[in-house]
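If you read the sequences in order, they're chains A and B.
For what it's worth, the working numbering labels the leading residue of the first sequence as 1, then goes sequentially.
For what it's worth, the working numbering labels the leading residue of the second sequence as 1, then goes sequentially.
Straight line, CA to CA, 25 Å or less: simulated SDA-like cross-link-like pairs of lysine to any residue: (1) Lys-44/A with Ala-36/B; (2) Lys-44/A with Phe-22/B; (3) Lys-12/B with Thr-69/A; (4) Lys-82/A with Thr-45/B; (5) Lys-44/A with Arg-32/B; (6) Lys-13/A with Arg-43/B; (7) Lys-82/A with Glu-24/B; (8) Lys-13/A with Ile-49/B; (9) Lys-12/B with Arg-35/A; (10) Lys-82/A with Phe-22/B; (11) Lys-12/B with Thr-51/A; (12) Lys-44/A with Arg-43/B; (13) Lys-44/A with Glu-24/B; (14) Lys-82/A with Arg-35/A.
If you're looking for bench data, these hints aren't it; they were derived computationally from the structure.
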Amino acid sequence: MTDPAIENSLPLKPQWFHILLALSDEAQHGSGIVRSVLDQTDDKLRLWPATLYGSLEELAQLGWIEELTGPAERPEGESEKKRFFRITQAGKQVLSAEADRLQALAQTAMARLGSRGTAT
Amino acid sequence: MVLGLLPLRFRKLYCADMEELFAEALDVSRQRGRLAWLLAWIRGTADVIALAWRIRWGRPATAGQRVTRNEKGSPMSGFIHDIRWSARSLMRAPLFTLAVVATLAVGIGATVSMFSVLDAAMIRALPYPDSERLIYGRTTFGERINSWVSYPDYVDYRDRSEAFESLAAMLGGVQQFTITGGQEPERVQGTYVSVDLFPTLGAAPALGRNFTADEAESGTPDVVMLSHGYWQRRFGGDTEVVGRMHTVAGSPHTVVGVMPAGFRFRWDIDIWLPIRYGILDTRGRRSHSWHVVGRLRSGITLEEAGAQIDVISAQLAEAYPDSHQDKGFILTPLDEALVEGYRPNLIILMAATSLLLLIACGNVASLMLARATARKVEISAKAALGASRKRLAVQFMNESLLLAALAGGLGTLLALWLQQLILVWMPIDFLPASDVGISTSMLAFALVASFGTAIVFGTGPALTASQTNPADVLRGGLRSSAHGRAARMRSGLVVLQVALTVVLLTVSGLLLQSFLRLRAVDLGYETENLLAAQLEVSEAAYADRSATVQFYRGLLQDVRAIPGVLDAGVISHVPIRNRYSDWTVWNPENPPTRDSERQWALSRRVLPGYFGTIGIPILLGRDHADTDIDSIPSLLVINQRLADWLFPEQNPVGRQIALDVGGTEPALAEVIGVVGDVNINWVGGSPAPQMYFNNANAPTYWSRRLNLIVRTAGDPTALVRPVRAALRELDPNVPLSDIAVMDDIVRGALSGSRVIALTITLFGSVALFLAMTGLYGVLAYYVTRRTQEIGIRVAFGATAGHVMRMVTLRGLALVVGGLVVGVLGAVAATRLLELQLYEIGSGDPVTFVAVSAFLLLVGTLACYLPVRRALRIDPVEALRTE
Chain A
1 MTDPAIENSL PLKPQWFHIL LALSDEAQHG SGIVRSVLDQ TDDKLRLWPA
51 TLYGSLEELA QLGWIEELTG PAERPEGESE KKRFFRITQA GKQVLSAEAD
101 RLQALAQTAM ARLGSRGTAT
Chain B
1 MVLGLLPLRF RKLYCADMEE LFAEALDVSR QRGRLAWLLA WIRGTADVIA
51 LAWRIRWGRP ATAGQRVTRN EKGSPMSGFI HDIRWSARSL MRAPLFTLAV
101 VATLAVGIGA TVSMFSVLDA AMIRALPYPD SERLIYGRTT FGERINSWVS
151 YPDYVDYRDR SEAFESLAAM LGGVQQFTIT GGQEPERVQG TYVSVDLFPT
201 LGAAPALGRN FTADEAESGT PDVVMLSHGY WQRRFGGDTE VVGRMHTVAG
251 SPHTVVGVMP AGFRFRWDID IWLPIRYGIL DTRGRRSHSW HVVGRLRSGI
301 TLEEAGAQID VISAQLAEAY PDSHQDKGFI LTPLDEALVE GYRPNLIILM
351 AATSLLLLIA CGNVASLMLA RATARKVEIS AKAALGASRK RLAVQFMNES
401 LLLAALAGGL GTLLALWLQQ LILVWMPIDF LPASDVGIST SMLAFALVAS
451 FGTAIVFGTG PALTASQTNP ADVLRGGLRS SAHGRAARMR SGLVVLQVAL
501 TVVLLTVSGL LLQSFLRLRA VDLGYETENL LAAQLEVSEA AYADRSATVQ
551 FYRGLLQDVR AIPGVLDAGV ISHVPIRNRY SDWTVWNPEN PPTRDSERQW
601 ALSRRVLPGY FGTIGIPILL GRDHADTDID SIPSLLVINQ RLADWLFPEQ
651 NPVGRQIALD VGGTEPALAE VIGVVGDVNI NWVGGSPAPQ MYFNNANAPT
701 YWSRRLNLIV RTAGDPTALV RPVRAALREL DPNVPLSDIA VMDDIVRGAL
751 SGSRVIALTI TLFGSVALFL AMTGLYGVLA YYVTRRTQEI GIRVAFGATA
801 GHVMRMVTLR GLALVVGGLV VGVLGAVAAT RLLELQLYEI GSGDPVTFVA
851 VSAFLLLVGT LACYLPVRRA LRIDPVEALR TE
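Whole structure, please, built from the sequences with the hints as guidance.
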């Protein structure tokens with residue numbers, strides 16, 4: 001069922017995963033993504049500017065995110081100069097594939113730890 | 001700023017956003033404190049650098065798909081690409097890279113650190129504004145330069161010349177003035193200055209004002225300027241001191257001002273008094289006792305001023321033929337004049353450092369030559385394949401630049417560290433208080449030195465290499481003429497290095513010997529097991545002389561009773577540590593008619609028993625006695641030298657001498673004894689005339705502050721506690737300070753010589769190491785080149801001894817060559833040093849012979865490895881290889 005091209009992309013680099021996740025709901029711009037990621041990770045992962053934009057560049061080249069171009073697509077009230085990004089269809093697929101992978105992994109782990117009788 | 005590292009296209013797109021994000025991140029972390037903020041800043045910057053690195057050199061993003069990179073546009077990337085290539089090429093020859101960088105770094109480090117210290121000491125020595133315009137004027141008699149000028153001459157030069165904004169004068173030498181009134185009488189250092197001295201220098205008082213012009217006229221009230229240190233000491237830093245009366249030499253003077261802290265001109269002065277016409281005996285044109293300092297008018301050069309001065313000198317010679325025979329006036333920049341005393345030492349150090357740098361550069365040059373010739377094949381192949389000469393040159397330039405940059409960076413770090421070392425070692429009394437830091441000129445010098453060397457020696461040979469016919473080179477291999485030329489150059493370099501090393505080692509040997517002799521000088525008294533400490537009793541508790549004398553007598557008794565104490569005494573000045581303090585003396589039956597006949601003698605105050613404690617023999621008469629208290633006239637003990645001068649061929653005991661104690665009438669004192677000559681001012685040199693008064697009956701005043709001298713049976717420091725206890729028993733309010741062991745004091749006085757000797761020795765050792773590695777390199781190369789030849793010889797029956805001789809003789813030939821040149825150089829160098837050497841003639845052959853023998857020995861050792869390699873040559877292999 002899964003696209004082999006997407007399969008080959010897994011596992012995703014952690015910051016890519018978080019960026020895609022941050023963009024999964026709505027288009028955001030740089031600092032918005034950083035804030036979302038902080039929320040997602042309970043303040044544990046702060047994306048620094050170079051890492052962020054480097055990743056955004058890479059993700060854009062891979063076709064998993066794209067930059068908003070027209071003013072009509074921007075959220076209301078935001079200035080023209082801010083650059084907004086949103087996830088693409090391909091990106092969504094990769095994101096959900098990775099989420100599945102992580103879930104499967106987590107289940108395996110829980111099963112194994114449970115059968116051994118965790119410390120009580 | 002760091003964003004510049006990222007490729008242009010990337011920057012254009014994201015720069016603004018990145019900065020905004022960065023600022024946000026910093027704000028958030030600032031709330032958590034400054035440290036968090038700093039860490040965040042570092043993190044962010046590192047992040048950018050990492051990204052830039054990744055983009056340029058890292059692997060493309062792994063995502064199963066190839067990501068195209070298309071940012072080759074920027075010129076930066078081309079340059080960086082070259083640097084990367086050079087770096088890799090250097091890393092393929094790690095030994096070479098390490099050797100070059102290390103050698104250059106050491107050379108540069110030493111030079112830069114020495115340079116910055118010297119820069120601070122010599123170039124920035126004058127803390128006055130526009131100090132380049134300050135000059136120092138001195139009298140010349142024909143060829144000879146006399147530091148001092150006569151007052152009437154000074155006035156004439158001042159009034160008749162147009163070259164100076166102002167020309168000021170200061171009395172040569174420090175005078176002693178008695179201060180009375182107030183707490184206790186004190187003898188302070190003072191001098192007379194013209195009212196415009198401070199403005200000439202550009203120094204303004206911290207409190208109050210400068211002297212005014214009319215204060216130079218007689219008849220106006222007496223005024224005095226205080227130094228900061230004296231003001232703190234005597235007036236406790238009272239800001240209301242200006243305008244108060246201060247009794248100097250018996251007459252009241254109004255305090256007009258206080259000079260700023262740290263102000264010092266030539267000597268440590270407590271008070272300055274203005275020169276007043278008529279009052280001060282300024283003597284005639286024959287008496288040269290004044291220092292002259294001036295500030296040139298802006299726009300006038302030293303030469304122009306000098307020309308004017310010469311004209312005036314000629315006028316004076318005509319007007320006063322008696323006193324102006326051959327007399328002239330010479331101007332020198334003040335900063336030069338002030339450091340003249342230290343100059344020799346500093347110059348020695350600078351010369352040694354430069355030699356070291358030269359040797360290091362020599363090694364680097366040699367290494368680079370070797371590398372260039374080794375890569376000849378590569379170069380010629382590239383040239384044959386069409387690489388342009390320019391391209392080749394650029395590539396080699398990059399390598400050299402990279403090496404130079406590394407070496408320069410390392411060298412500067414090393415310099416910082418060395419600087420601290422030097423400042424710890426050097427006698428810093430000639431350095432201004434400000435710390436030495438890295439100056440921009442120093443850094444510039446370092447950069448020039450490192451880049452210069454690397455470029456000259458790196459690219460030069462490479463360029464010439466690319467010039468030769470490629471086919472030739474590819475065929476000829478190691479036997480080609482270019483190789484031979486390189487080998488000859490390297491040999492030449494080694495000879496030079498050995499020569500320079502000889503100079504350094506010889507100089508260091510002589511300096512070491514000189515220092516050792518100085519150390520062994522017999523001061524005239526035994527300095528071992530001698531403890532010194534200062535005490536002062538307060539005026540409140542000890543109001544009069546007899547109370548003070550009682551106290552010290554009691555202390556001496558108690559201290560002498562301590563087990564482990566052989567003897568104890570007190571004196572106003574600890575030998576070597578407290579110097580100077582002299583009065584003019586003469587024989588009243590034969591008073592001097594001219595100033596040049598006046599003798600000065602170091603004056604000290606003691607209590608009975610001092611001479612026995614310190615070990616100065618009493619030659620005639622007797623020591624002071626406790627019964628002499630309050631005796632009139634004052635009694636004194638003089639040393640042999642003073643006795644010989646005042647009363648030649650006569651018995652001085654019972655005779656009277658006259659002393660100039662600053663008042664209108666000289667004081668009279670009676671001689672009761674004569675002691676042997678000892679050195680109490682300096683280590684080395686002949687003992688000065690000395691006189692010892694009894695504190696109980698000294699003329700003019702007596703001291704509450706005296707130094708306790710204790711002769712101990714064993715380690716002096718062990719007796720500090722018992723002495724303190726004895727003192728506390730007697731009077732717990734009297735503090736004991738400045739405790740020192742006499743041996744340490746003497747050692748401290750020699751520290752200057754010791755430091756120079758040790759530093760030069762260190763340099764010599766480094767130079768030796770560098771020269772020897774250079775020698776090894778050349779010999780190893782020689783063996784490699786001669787592999788075939790050696791193989792043939794062995795095949796034809798040459799023994800191991802033959803081979804050894806062949807290589808060793810070659811090596812020793814280089815060493816001997818270097819020795820010859822070096823010895824000549826060393827002789828010249830030591831002749832320059834004669835001033836600094838104590839009792840060592842520059843012709844002392846022992847040192848030269850020792851150094852030569854040492855170098856020959858070390859040179860032989862350096863041949864060892866190449867010889868081994870030569871012996872292991874398998875003749876069959878050798879004949880086969882190229």
